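Colleague: Note that my numbering has the sequence shown beginning at 1, numbered continuously upward.
No lab work stands behind these hints, which were simulated from the structure alone. Note that this is a predicted model, so its numbers are computed, not measured. Just so it is clear, CB atoms sit at the ideal spot from N, CA and C, and this is done for glycine as well. Please note that the accuracy of each hint is not assured.
[Unchecked claim] FRET-style restraints, in silico, Cβ to Cβ:
no.: 1; residue 1: G31; residue 2: G183; range: 30 to 38 Å
no.: 2; residue 1: S54; residue 2: E114; range: 22 to 30 Å
no.: 3; residue 1: T157; residue 2: V40; range: 43 to 51 Å
no.: 4; residue 1: G42; residue 2: H109; range: 23 to 31 Å
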Amino acid sequence: MLPSQTVENYLKTIFLAQEAASDAAPLVPVGQIASALGVVPGTATTMVKALADSGLVHYEPYMGVRLTPAGEKLAGLVLRRHRLVELFLVRVLGMSWTDVHDEAERLEHAVSDELIERIDDMLGHPSVDPHGDPIPTAEGTMAQTTAVDLVHAPLGTPLVVERVLDQDAAFLRFIEEHQLKPGSRVVVAARDTAADCIQVRAESGDETTLGLRAAEKVMVGSGTASGD
C-alpha cells in the first residue's frame, strides 16, 4: 500500500493514541480512531483492515489496533515532517506557535523528503517543535521523555516547561499569556485535588490557577526544551 494522505493520517492518529496511553503496547479502539479522524466506525474498520493487510498495523477485531514496526516508522516520518514544518513556520516565517498546527497538517503530506532534510539542516537539527513535541529522526524513531505533567510534578521545586500537549489555538494563547510556553521556568506552588486545581508560579512571580485537565496538558522537567 502506498503511503497516501489517508494512510498517513491513520498511522499518525494511532501513533499519537499509543503514545498517550499508559500501557506499553496498547490496543487503540477503532472507535477512538474514528472519532479522532471524524469518520464513522465502519469506515475506520475498513481502513484498519487494509492497513493490517499491508503489514502496517496489528488488528484484533472488537479489541483494537496497534502499529507494527513498519507502521511506527511511517508514522514517525509523518510526525517528523509535521513538526519540522511547524518549527519552520515559526522560526523562519514568523508565524505564531498558536497558529501553525493546522497549516502543518496540510503541508505534512505535500513536502518532499529532500525538502524536509533541507529544513532540518537549516534549523540546526532541532530536537523539538514549537510546542515541545519531540521531532523523530530521519529513520522515524523518536526520543523518549522523562517529563511529567503539572498534576504529578513536585511542589515547590524549580521546573522548566518542556511540552504542551494540546494544539488548540485558544489553549495555546492561554498558555502563552500565563508564561507557560516551553522553556518557561515555573514552580507548582500548591495543589488542591478536592477543588480540582493547582497554583503555578511563573519566573516573573505571577501565579496562575489551572484546572487539573489543563494542568495535565503541560509537561515539565528539570532541564530546558524549547522549539522557539
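Colleague: Taking the hints in turn, state whether each one holds.
Modeller: Against the structure, the hints come out as follows:
no., hint, result
1, G31 with G183: 30 to 38 Å, "holds, 37 Å"
2, S54 with E114: 22 to 30 Å, "holds, 25 Å"
3, T157 with V40: 43 to 51 Å, "holds, 47 Å"
4, G42 with H109: 23 to 31 Å, "holds, 24 Å"
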